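> Chain order of the listed sequences is A and B. Start counting at 1 in the first sequence, then tack on 18, and there's your number in the working numbering. Start counting at 1 in the second sequence, then tack on 18, and there's your number in the working numbering.
Among the hints, a few may not be true.
A pair counts as met if it fits within one copy or between any two copies, since identical chains are not told apart.
Capping the alpha-carbon separation at 30 Å, the derived lysine-lysine pairs in DSS-like fashion look like this [as the list claims (entries may be wrong)]: (1) K303 x K489; (2) K239 x K228; (3) K239 x K138; (4) K540 x K476; (5) K476 x K138; (6) K369 x K303; (7) K208 x K303; (8) K228 x K540; (9) K103 x K151.
Because the hints were derived from the structure by calculation, they are not lab data. All of these numbers come straight from a predicted model, not from anything done at the bench.
Number of protein chains: 2
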Amino acid sequence: MKKLRSVVTCMGVFFFCVCGAFAQSVPAVEQWGRFEFALRGTPIGNPFNDVALEATFTNGGEEVTVNGFYDGGGVYRVRFMPEKKGTWSYATVSNMPALDGKTGTFECVNPGTENHGPVKTRGMFDFAYADGKPYYPFGTTVYAFVHQGDSLENTTLETLRNAPFNKVRICVFPKNYEFNDREPEYYPFKRVEGVELIGSNQTAVWDFTKFDPEFFQHLEKRIDRLNDLGIECDLILFHPYDNGRWGFDRMTRPNDIRYLEYVTARLASFRNIWWSMANEFDYMKEKTLADWQAFLETVAANDPYGHLRSVHNGDTLFNHHNPLVTHASVQSASMLSDFGRGSLMRDAYLKPVMFDEVCYEGNIESRWGNLSAREMTHRFWQGALVGAYVTHGETYLDPDDIIWWAAGGVLRGQSPARIGFLRRLIEQETGALHLIDNWRTLNASMGESGQIVIYFGKETPTEWAVTFPAKIRWADGTQFNVEVIDTWEMTRTPVPGTFTAQTIARYVIGEADGKKIKLPGKPYQALLITRVP
Amino acid sequence: MKKLRSVVTCMGVFFFCVCGAFAQSVPAVEQWGRFEFALRGTPIGNPFNDVALEATFTNGGEEVTVNGFYDGGGVYRVRFMPEKKGTWSYATVSNMPALDGKTGTFECVNPGTENHGPVKTRGMFDFAYADGKPYYPFGTTVYAFVHQGDSLENTTLETLRNAPFNKVRICVFPKNYEFNDREPEYYPFKRVEGVELIGSNQTAVWDFTKFDPEFFQHLEKRIDRLNDLGIECDLILFHPYDNGRWGFDRMTRPNDIRYLEYVTARLASFRNIWWSMANEFDYMKEKTLADWQAFLETVAANDPYGHLRSVHNGDTLFNHHNPLVTHASVQSASMLSDFGRGSLMRDAYLKPVMFDEVCYEGNIESRWGNLSAREMTHRFWQGALVGAYVTHGETYLDPDDIIWWAAGGVLRGQSPARIGFLRRLIEQETGALHLIDNWRTLNASMGESGQIVIYFGKETPTEWAVTFPAKIRWADGTQFNVEVIDTWEMTRTPVPGTFTAQTIARYVIGEADGKKIKLPGKPYQALLITRVP
Numbered sequence: 019m020k021k022l023r024s025v026v027t028c029m030g031v032f033f034f035c036v037c038g039a040f041a042q043s044v045p046a047v048e049q050w051g052r053f054e055f056a057l058r059g060t061p062i063g064n065p066f067n068d069v070a071l072e073a074t075f076t077n078g079g080e081e082v083t084v085n086g087f088y089d090g091g092g093v094y095r096v097r098f099m100p101e102k103k104g105t106w107s108y109a110t111v112s113n114m115p116a117l118d119g120k121t122g123t124f125e126c127v128n129p130g131t132e133n134h135g136p137v138k139t140r141g142m143f144d145f146a147y148a149d150g151k152p153y154y155p156f157g158t159t160v161y162a163f164v165h166q167g168d169s170l171e172n173t174t175l176e177t178l179r180n181a182p183f184n185k186v187r188i189c190v191f192p193k194n195y196e197f198n199d200r201e202p203e204y205y206p207f208k209r210v211e212g213v214e215l216i217g218s219n220q221t222a223v224w225d226f227t228k229f230d231p232e233f234f235q236h237l238e239k240r241i242d243r244l245n246d247l248g249i250e251c252d253l254i255l256f257h258p259y260d261n262g263r264w265g266f267d268r269m270t271r272p273n274d275i276r277y278l279e280y281v282t283a284r285l286a287s288f289r290n291i292w293w294s295m296a297n298e299f300d301y302m303k304e305k306t307l308a309d310w311q312a313f314l315e316t317v318a319a320n321d322p323y324g325h326l327r328s329v330h331n332g333d334t335l336f337n338h339h340n341p342l343v344t345h346a347s348v349q350s351a352s353m354l355s356d357f358g359r360g361s362l363m364r365d366a367y368l369k370p371v372m373f374d375e376v377c378y379e380g381n382i383e384s385r386w387g388n389l390s391a392r393e394m395t396h397r398f399w400q401g402a403l404v405g406a407y408v409t410h411g412e413t414y415l416d417p418d419d420i421i422w423w424a425a426g427g428v429l430r431g432q433s434p435a436r437i438g439f440l441r442r443l444i445e446q447e448t449g450a451l452h453l454i455d456n457w458r459t460l461n462a463s464m465g466e467s468g469q470i471v472i473y474f475g476k477e478t479p480t481e482w483a484v485t486f487p488a489k490i491r492w493a494d495g496t497q498f499n500v501e502v503i504d505t506w507e508m509t510r511t512p513v514p515g516t517f518t519a520q521t522i523a524r525y526v527i528g529e530a531d532g533k534k535i536k537l538p539g540k541p542y543q544a545l546l547i548t549r550v551p
Numbered sequence: 019m020k021k022l023r024s025v026v027t028c029m030g031v032f033f034f035c036v037c038g039a040f041a042q043s044v045p046a047v048e049q050w051g052r053f054e055f056a057l058r059g060t061p062i063g064n065p066f067n068d069v070a071l072e073a074t075f076t077n078g079g080e081e082v083t084v085n086g087f088y089d090g091g092g093v094y095r096v097r098f099m100p101e102k103k104g105t106w107s108y109a110t111v112s113n114m115p116a117l118d119g120k121t122g123t124f125e126c127v128n129p130g131t132e133n134h135g136p137v138k139t140r141g142m143f144d145f146a147y148a149d150g151k152p153y154y155p156f157g158t159t160v161y162a163f164v165h166q167g168d169s170l171e172n173t174t175l176e177t178l179r180n181a182p183f184n185k186v187r188i189c190v191f192p193k194n195y196e197f198n199d200r201e202p203e204y205y206p207f208k209r210v211e212g213v214e215l216i217g218s219n220q221t222a223v224w225d226f227t228k229f230d231p232e233f234f235q236h237l238e239k240r241i242d243r244l245n246d247l248g249i250e251c252d253l254i255l256f257h258p259y260d261n262g263r264w265g266f267d268r269m270t271r272p273n274d275i276r277y278l279e280y281v282t283a284r285l286a287s288f289r290n291i292w293w294s295m296a297n298e299f300d301y302m303k304e305k306t307l308a309d310w311q312a313f314l315e316t317v318a319a320n321d322p323y324g325h326l327r328s329v330h331n332g333d334t335l336f337n338h339h340n341p342l343v344t345h346a347s348v349q350s351a352s353m354l355s356d357f358g359r360g361s362l363m364r365d366a367y368l369k370p371v372m373f374d375e376v377c378y379e380g381n382i383e384s385r386w387g388n389l390s391a392r393e394m395t396h397r398f399w400q401g402a403l404v405g406a407y408v409t410h411g412e413t414y415l416d417p418d419d420i421i422w423w424a425a426g427g428v429l430r431g432q433s434p435a436r437i438g439f440l441r442r443l444i445e446q447e448t449g450a451l452h453l454i455d456n457w458r459t460l461n462a463s464m465g466e467s468g469q470i471v472i473y474f475g476k477e478t479p480t481e482w483a484v485t486f487p488a489k490i491r492w493a494d495g496t497q498f499n500v501e502v503i504d505t506w507e508m509t510r511t512p513v514p515g516t517f518t519a520q521t522i523a524r525y526v527i528g529e530a531d532g533k534k535i536k537l538p539g540k541p542y543q544a545l546l547i548t549r550v551p
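Sequences and hints are given; from them, build the entire structure.
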């Protein structure tokens with residue numbers, strides 16, 4: 019082991035000969051794809067705990083060390099996501115001789131056309147894939163997606179294939195909550211041998227130091243399928259909806275950390291993974307702020323690729339200024355209910371802001387679960403208008419309690435189609451929006467394209483006198499066209515003619531001939547305003 | 019000098035004999051009062067620049083080193099604010115022999131009844147004087163207060179004596195802006211000898227390395243008078259409203275730093291000083307974020323007492339998470355215009371939030387200067403309701419352009435009386451408020467007293483069905499009384515009878531017998547709800 023360690027540290031100058039059981043050919047792996055190899059070793063003690071395995075990958079000056087993990091049945095695995103093309107070599111280090119000193123090589127080749135790499139932050143407020151393609155999150159929520167069994171899970175995937183969402187929030191741990199009392203098929207931990215379950219409290223049944231690889235293999239299959247659909251997986255690592263039933267929400271700190279190390283060893287190489295440290299961290303009364311800091315540090319230390327990290331709140335915001343937090347993941351029932359409120363999160367955090375819970379479209383009695391489709395759509399527009407990103411969820415009652423927000427299945431609501439309409443507008447035309455003058459004009463934004471979007475929300479004007487905040491800096495004489503967008507009907511209606519900008523007051527640019535825009539006097543109208551080139 | 023330094027470093031074990039010109043008696047200084055001594059030395063070179071003078075004060079284990087400063091006419095001064103009672107000894111160190119090695123002693127005695135010490139932050143969101151007495155800022159704004167000449171400045175002080183304000187925002191530098199084109203009587207810098215002023219741009223006239231002590235002596239007199247009136251001085255160190263006329267807004271970094279060192283040497287010992295690094299930092303296009311960081315660091319390093327520090331914005335918020343920023347000083351035209359918006363700043367910054375510009379009560383044409391008195395009062399209530407602190411300003415047209423917001427003089431508006439009414443309610447009864455359920459109920463807050471305040475703003479209900487967020491955690495059967503407050507008329511009307519709390523839904527506590535509160539159907543009403551002991 020000592021010998022190998024010295025090789026690892028000055029690896030740059032060594033050529034790694036392909037040797038051993040995994041060296042029959044040089045595999046090719048896409049950039050941002052996943053390279054994986056397996057090693058066999060007789061398990062000793064608690065193989066999750068007692069066996070250390072890591073591998074260092076090198077490619078020219080690049081060197082990345084990743085943790086391996088025990089996958090059951092005497093198999094240990096190492097996974098790696100190459101971020102750089104070319105020849106990668108690796109060597110393992112382990113305290114188990116059978117796993118130690120294994121070396122190999124693979125070729126990292128061009129990514130496929132649908133592979134743009136993992137999502138990173140872009141600028142101060144936005145996101146892009148690693149290849150530079152902008153990514154605008156339009157997410158949905160299926161908390162207990164992976165705990166529903168193949169039939170329903172496949173239905174969910176089929177729904178997602180045809181839905182407008184490119185991100186989904188799912189939990190590792192199963193959910194014990196209203197409408198969610200089914201036992202899952204898989205559990206993340208092994209049962210303690212010889213302990214009988216008495217009553218519904220299962221906490222004594224689980225050995226939190228021994229993982230069940232089958233659970234994780236199943237989870238991984240689902241994450242890969244999401245990736246096939248172009249969907250980012252915002253993986254929720256802890257949540258309070260266990261409510262003590264299994265006890266996964268109230269493990270000790272050492273068990274929490276071991277769990278995070280295991281999850282990151284297995285999943286950090288998945289291109290579409292994001293780490294959501296929690297849903298509603300503040301409702302997990304057993305955890306302290308020091309715990310969340312330790313969790314963030316553990317995940318950051320064990321994810322060499324720097325996948326996105328966030329901490330979602332119940333009613334008390336996490337301190338999103340924490341440098342380990344890549345973007346603010348905010349639950350709020352009220353921040354997107356009117357103009358410009360959401361912008362304040364951006365202004366304060368100077369990071370991308372995602373409204374990962376804004377209540378759900380549905381008809382359940384709980385106050386967070388009965389938005390109309392119009393209100394959900396409105397919140398997406400309010401979010402988009404301030405350059406924040408909104409996550410959908412749906413809670414329509416179902417005779418079998420198959421509710422999208424937790425169980426998946428099919429979507430019944432009317433907001434997804436409208437969300438898709440908005441997504442196309444942002445992705446294909448305007449790019450990310452930001453308020454032009456957040457000091458006072460809270461319904462007018464400019465896109466990365468230079469186009470202006472004005473949104474009237476629940477107001478029902480029949481005409482709009484052209485007035486832009488002077489900060490658009492359009493010279494007098496600038497010509498522009500206007501389209502009226504009905505965000506609910508998903509129609510776009512060009513207004514005939516062109517218009518001419520002219521400064522009409524200290525802070526205001528208007529129309530040179532005083533032309534006005536006719537509007538239908540209905541709610542949820544918007545304008546898309548484009549300069550004539 | 020070397021010898022003295024060694025004395026200074028092990029000062030704790032020495033007894034300082036009272037010696038030299040300042041040792042005729044042992045002066046007594048109140049705790050948080052100001053101890054000052056003067057030394058004479060023949061000025062050499064640029065005495066502001068070339069003479070170094072500091073003094074170390076010790077009292078038991080306490081040791082505080084402060085900078086001295088040149089006050090003109092061959093006089094150098096050292097000022098010190100003792101924070102601990104007992105006997106303080108001091109010794110100077112200087113590169114000018116006449117100023118070096120001077121020692122002395124004074125006695126720090128009990129503070130007077132009106133002296134509660136400097137204001138510090140209290141808990142996460144509030145303020146208190148050093149003696150623990152809570153301080154609730156109710157400020158106003160008179161930017162160019164000290165540049166108006168004795169007559170008007172005395173009028174301003176007389177107005178403040180009778181006004182409800184306990185903080186005032188004033189600028190060190192004079193103001194060149196609309197309604198503000200008068201030349202001040204004093205300037206902070208000396209004129210360059212032999213340079214003639216040509217045209218209105220005076221930048222070449224000033225020697226930014228030489229201060230005019232008369233200017234600062236005048237400023238200090240004003241700050242002390244404010245202190246006599248129980249008013250904190252939020253001193254604005256830089257601002258953009260020079261617009262290049264004198265050039266005080268666009269000095270070089272070394273001159274800026276020297277200026278801050280001089281100001282802090284003179285003023286850090288003033289009990290009621292706060293450091294507002296800027297008004298509208300983002301409108302000072304010549305300064306970078308690195309400049310602001312350097313300014314914060316300079317002020318913090320040269321103020322051993324840790325007076326409050328903030329950076330006020332134009333339309334882009336400063337990063338108030340900066341650890342050198344003690345509280346968020348926010349300008350916003352819209353954050354207090356409706357319910358709960360202001361709370362988001364608190365939620366995001368986890369620091370006290372002061373809305374130091376919310377537009378002004380007045381009638382000038384500029385969009386920031388024509389709030390009605392009702393709207394100004396409303397914004398104070400919106401701020402108080404979310405546990406944030408609001409600053410007043412007034413901009414009524416005047417034939418001589420004597421407008422309160424910049425020049426002082428007299429107050430003409432109708433909001434100050436209402437602000438005083440609110441201040442008394444907060445100070446004498448409720449204490450600081452915070453939203454009970456900021457997830458969704460944005461008009462109901464609980465005070466430190468445990469009382470509940472519900473504010474209806476511009477709504478005009480004729481009755482209120484008792485509904486509290488369940489988070490008040492009042493047991494069923496809790497009895498309470500209700501007062502209707504007319505925030506505009508400044509009346510408080512007890513509602514006859516007592517009421518009884520009862521949980522009526524998952525998130526809602528109501529009234530056991532379904533009693534409702536009658537309201538007058540007018541805007542700007544509030545309720546004060548108090549448990550029966």
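> Evaluate each hint against the coordinates.
Evaluation of the provided hints:
1. K303 x K489: Cα proximity of K303 and K489: across copies only (16 Å, versus 46 Å in one copy).
2. K239 x K228: within (21 Å within a copy, 73 Å between copies)
3. K239 x K138: within (23 Å within a copy, 55 Å between copies)
4. K540 x K476: Both ways: K540 and K476 sit 8 Å apart in one copy and 25 Å across, limit 30 Å.
5. K476 x K138: Neither: 34 Å inside a copy, 44 Å across copies.
6. K369 x K303: both (27 Å within a copy, 23 Å between copies)
7. K208 x K303: Result: close within a single copy only, 25 Å intra versus 62 Å inter.
8. K228 x K540: Neither: 59 Å inside a chain and 65 Å across chains, both beyond 30 Å.
9. K103 x K151: within (18 Å within a copy, 64 Å between copies)
Violated hints, listed in ascending order, are 5, 8; each of the other numbered hints is respected by the structure.
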